[in-house]
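Asker: Let the hints inform the model, and build the full structure from the sequences given.
Going down the list, the sequences are from chains A and B. So that you can map any letter, position 3 of the first sequence is 3 in my numbering, and since no number is skipped, the others follow by simple counting. So that you can map any letter, position 63 of the second sequence is 1063 in my numbering, and since no number is skipped, the others follow by simple counting.
Treat the hints with care, since some could be wrong.
As the list claims (entries may be wrong) - DSS-like cross-link-like pairs, simulated, lysine-lysine; straight-line CA separation at most 27 Å:
no., chain 1, residue 1, chain 2, residue 2
1, B, K1057, A, K102
2, A, K102, A, K55
3, B, K1057, B, K1011
4, A, K105, A, K55
5, B, K1011, A, K102
6, B, K1057, A, K1
7, A, K1, A, K68
8, A, K102, A, K54
Said to hold, decoys possible - Quick look at which bits of chain A chain B covers, simulated, 3 or more residues with Cβ under 8 Å:
no., segment
9, 41-48
10, 100-110
Just so you know, these hints were derived from the structure itself, not from any lab. On a predicted model such as this, the values are computed, not experimentally measured, just so you know. For every residue, glycine included, the Cβ atom is placed at its ideal position computed from N, Cα and C.
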Amino acid sequence: KNEVEQSPQNLTAQEGEFITINCSYSVGISALHWLQQHPGGGIVSLFMLSSGKKKHGRLIATINIQEKHSSLHITASHPRDSAVYICAAASGAGSYQLTFGKGTKLSVIP
Amino acid sequence: DAGITQSPRYKITETGRQVTLMCHQTWSHSYMFWYRQDLGHGLRLIYYSAAADITDKGEVPDGYVVSRSKTENFPLTLESATRSQTSVYFCASSGGALPGEQYFGPGTRLTVT
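Answerer: Put into structure tokens, the structure is as follows:
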């Protein structure tokens, strides 16, 4: 069973700061997902990646397959980025079984 | 409504009662999933389905039953609810020949008293 660890658990940042959230996993995977869960509870998929780097607006996700590690970066953070960020590792036949990290709660202060 | 919906959004039930949580998606996605989210555990997969009439167990299937007679619907039934099944339940779907990015429903908060 894949073990997915995220760090930090909680993160408070000033508006405008560069933020990094880390995710490590124990077993080789087919893809790594980054999700965002807002205070209201809704979950949105941010990225799915299996190698390299992806960018969407101020969000950047990277993955190092050899080191079994992924990072989510937020540039020029804003209070609306406040949410819980969850990484999930896809393993098993067909890549549909996700093992989730426990999430990183981000608070961005104006 | 377009997208993925869940009903009810909130439910309180008593121990021993049968409860069905509904999930409906309008994209004709092949893959559908049920997760539960609990403090200290994060999200965990209960059951998934690769297509109509094809379902399989996830990490925590005990006490739950699913069916998928139509592509767009994936109901989750708690046959005899227990307090340990108090949780927030999320349904998700994913399209393509292999599952990729998952689209989550708004969640159902279930309390078993």
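Asker: Now, for every hint given, state plainly whether the structure supports it.
Answerer: Verification of the supplied hints:
| no. | hint | result |
| --- | --- | --- |
| 1 | B:K1057 with A:K102 | 21 Å, holds |
| 2 | A:K102 with A:K55 | 23 Å, holds |
| 3 | B:K1057 with B:K1011 | 24 Å, holds |
| 4 | A:K105 with A:K55 | 21 Å, holds |
| 5 | B:K1011 with A:K102 | 25 Å, holds |
| 6 | B:K1057 with A:K1 | 15 Å, holds |
| 7 | A:K1 with A:K68 | 14 Å, holds |
| 8 | A:K102 with A:K54 | 22 Å, holds |
| 9 | 41-48 | holds (count 6) |
| 10 | 100-110 | holds (count 4) |
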